[in-house]
Amino acid sequence: MKFKTITNAVIMAAFFFFTSQTVAKDLKEVLPLDKEISNWVLADSIGYFKGDQLYNYIDGGAEIYMEYGFSRVYSAPYIDGSDRQIQVELYEMADHAAAYGTYTFYLNGPGEKIHAGQEAVFIDYYGAVWKGNYVLMISTPGSDTSLKKDISLFAKNISDKINSTGDKPQLVSTIENGGLNTGYIKYFEGRIGLSNIYKIIPGNAFSFEKAVSFENQGNKTIIFQHESSLSSSDALKESLEKIKQSNKEADFTVNENSFSYIDYKNNIIICDSYKNYLIVVIGKNNEFIENTLKKVKAVL
Amino acid sequence: MSNNRRDFIKKSFIAGTGLSLLSQSNFAGSFFKIATPDISVVNGTDMFSATIRAIEQFGGINKAIPKGAKTGILINAPGHWTKPGSYTHTDVVLATLKMLNDAGINDITFLLDVSSDFYKRSSLSPQYEYLTKTIKKSSGNYKEVQIPKGVALKKANVIEDLFNLDAFINIPINKHHSGVNYTGCLKNMMGACNRDTNMKFHKPGKNDGEDGEFLSQCIADLNLVRKPDLCIMDASEVLRTNGPFGPGEIAKINKVFVGSDPVMMDTYGCTLLDNRPEDILMLEMARAHGLGRTDLKDFVIKESSL
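Those sequence lines, one after another, are chains A and B.
Residue numbering for the first sequence follows the numbering used here, beginning at 1 and increasing consecutively.
Residue numbering for the second sequence follows the numbering used here, beginning at 1001 and increasing consecutively.
It is worth saying that the hints were derived from the structure and are not from the lab.
Ideal placement from N, C-alpha and C gives every residue a C-beta, glycine not left out.
One or more hints might be untrue.
Result set (DSS-like, lysine-lysine): computed pairs, CA atoms no more than 30 Å apart in a straight line [as the list claims (entries may be wrong)]: (1) A/K28 - A/K220; (2) B/K1200 - B/K1154; (3) B/K1252 - A/K199; (4) A/K237 - A/K294; (5) A/K220 - A/K295; (6) A/K149 - B/K1120; (7) B/K1297 - A/K284; (8) B/K1227 - A/K148; (9) A/K35 - B/K1070; (10) B/K1200 - A/K248; (11) A/K28 - B/K1063; (12) B/K1149 - B/K1297; (13) A/K50 - B/K1200; (14) A/K199 - B/K1200; (15) A/K161 - A/K148; (16) B/K1200 - A/K242; (17) B/K1252 - A/K220; (18) B/K1120 - B/K1136; (19) A/K220 - A/K248; (20) B/K1252 - B/K1143; (21) B/K1252 - B/K1067; (22) B/K1067 - A/K50; (23) B/K1227 - B/K1302; (24) B/K1302 - A/K284; (25) A/K149 - B/K1154; (26) B/K1297 - A/K265; (27) A/K161 - A/K199; (28) A/K265 - B/K1149; (29) A/K244 - A/K210; (30) A/K199 - B/K1297; (31) A/K210 - B/K1200; (32) B/K1297 - A/K242; (33) A/K242 - A/K161; (34) B/K1149 - B/K1098.
Each pair of labels, with its calculated beta carbon distance range [to be verified]: (35) A/E249 - B/S1304: 33 to 43 Å; (36) B/K1149 - A/E29: 17 to 27 Å; (37) A/H115 - B/F1163: 53 to 63 Å.
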């Protein structure tokens, strides 16, 4: 019996080992071969990092990926006949929400749409693609904006080979379909994601698992999703206490379901608990802020 | 007594009284302080020239590094930092090497090897190849050092070259960092540690405390190992968001600044990215260790433009 158990364990271990190698090999095969795209060839060996190894690749840059949920990455440098360089990074994230969120992390402007993956954009000197559980980052070492066409070709070539699709997080779809003029929407799942959007003091003022942010009428809007209206209301109270502790010189206006204050950057910040959401609107003009808040509530 | 002599005595008396009062006044004190600033800042897009001017304005290389000193340099440009705004500008490094060479400092080691294409990032590199080719690479050997005064970090594996130097120059880039909101001189010291140590900073086994507290404390503790003799900060075009790796929004600050107090440098530097020093936890933690000053209002800053 014992021998049979050990044998089964060995067989299972071997099965998982070889399966994982096959999956790893499959993902690597989506990367372009030499001259598959114009004159671009691999400039060096392909890097592969999974789990905690991501810290070996990008040190502290790994934290945001870990926050979203990271599985593994392939990193491949390419060079063409004119010595121009393109870096390809193909990230497999924990799920499609994590992948979509990571994709939006790269968005620093509306950019120009690329026809690749489920969603893709070219911004300044890099392209970002989202498809299912995967995020593709294609960049140039310098801020070389002349490689847009080549970046688009890489984006299409690689994403066409990836067999994965997924839905955007529900909260994102709700906002997108709500008719607000939002530009690009960021989706995030923790403190690090929030800190890249707006520095609210203290950085852990808001406890949450899912959130989105976007711009509207010059205001920055952040929506934290909670399980219920009760937990949203509790989150509001907790945030108020934390923010008050760190902003002792600020004047706070507190109502039953909301509070507001002016922060160290002289922005008005309004926090409002509505249904199972905590809505934060940041801006300079109170009237515009209230207007944004009203529109967002109508959508949620 | 002739009128001329009387006149001379009168004018001498007035001048002497004036000088006496001047020497005791704040103005005189300020004059001498500006001549030796805490931080020297130069604005401009020519990073090579800005670095030269910033070092000269600070008092010259020999103010901090004696002639003939065996010198180590820590640059934030390892192989994986390739996105714009994430790594130290090559021209800042080239200018520093030139200043060192001109000042009779020629035994130089990189404590962390730069990316293999680092010099390709500057058109000036060919003309300074006579300097770059003499730089010694990092030994790659790390030794465990104890940090008895460390609060979160009690030991670290640090590049052993750091302990075989007469002088040490820190050349970071002034940029955003997702974990602790800012990275400059203090955080650049992580470049002198091996992967195992750095991973401990990012993964304490429990949650990171509030707002990157654990990471910030580790950084402050690490800086107890060795303080730089000179800091030269690249604040040219830097990541404003999505640091340290990028890609992200680029802030075109177009400054280089120089000082010998890493805490002062970071206190000033973080404000260039719209931070308040009191919100960058590692600054107060480092100050508490006696590593430098955070009283920004009292800094003597000499600033000029190309």
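Take a quick look at whether A/K199 and B/K1200 sit within 30 Å of each other, Cα to Cα.
25 Å, holds
Given pair status - B/K1154, B/K1200, alpha carbons within 30 Å
Within the cut-off at roughly 11 Å; holds.
Taking 17 to 27 Å as the hint, is the beta-carbon distance of B/K1149 and A/E29 inside that range?
52 Å, violated
May I ask you to test the hint 53 to 63 Å on the CB atoms belonging to A/H115 and B/F1163?
56 Å, holds
Compare the distance between the alpha carbons of B/K1200 and A/K248 with 30 Å, and conclude whether the hinted pair is satisfied.
34 Å, violated
Hint check: A/K220 vs A/K295, CA-CA at most 30 Å. Holds or violated?
13 Å, holds
Would you check the hint for A/K50 and B/K1200, treating anything up to 30 Å between C-alpha atoms as holding?
17 Å, holds
Does the alpha-carbon distance linking B/K1149 and B/K1098 stay inside the 30 Å limit?
37 Å, violated
A/K28 and A/K220 were given as a pair; does the straight-line alpha-carbon distance stay at or below 30 Å?
Not OK: A/K28 and A/K220 at ~39 Å, beyond 30 Å, violated.
Would you check the hint for A/K149 and B/K1154, treating anything up to 30 Å between C-alpha atoms as holding?
51 Å, violated
Given the hint that B/K1252 pairs with A/K220, test it: the Cα-Cα distance must not exceed 30 Å.
Status holds; Cα separation ~23 Å.
Can you confirm whether the C-alpha distance between A/K210 and B/K1200 stays at or below 30 Å?
The hint holds at about 27 Å.
Violated hints, listed in ascending order, are 1, 8, 9, 10, 11, 20, 21, 22, 24, 25, 27, 28, 33, 34, 36; each of the other numbered hints is respected by the structure.
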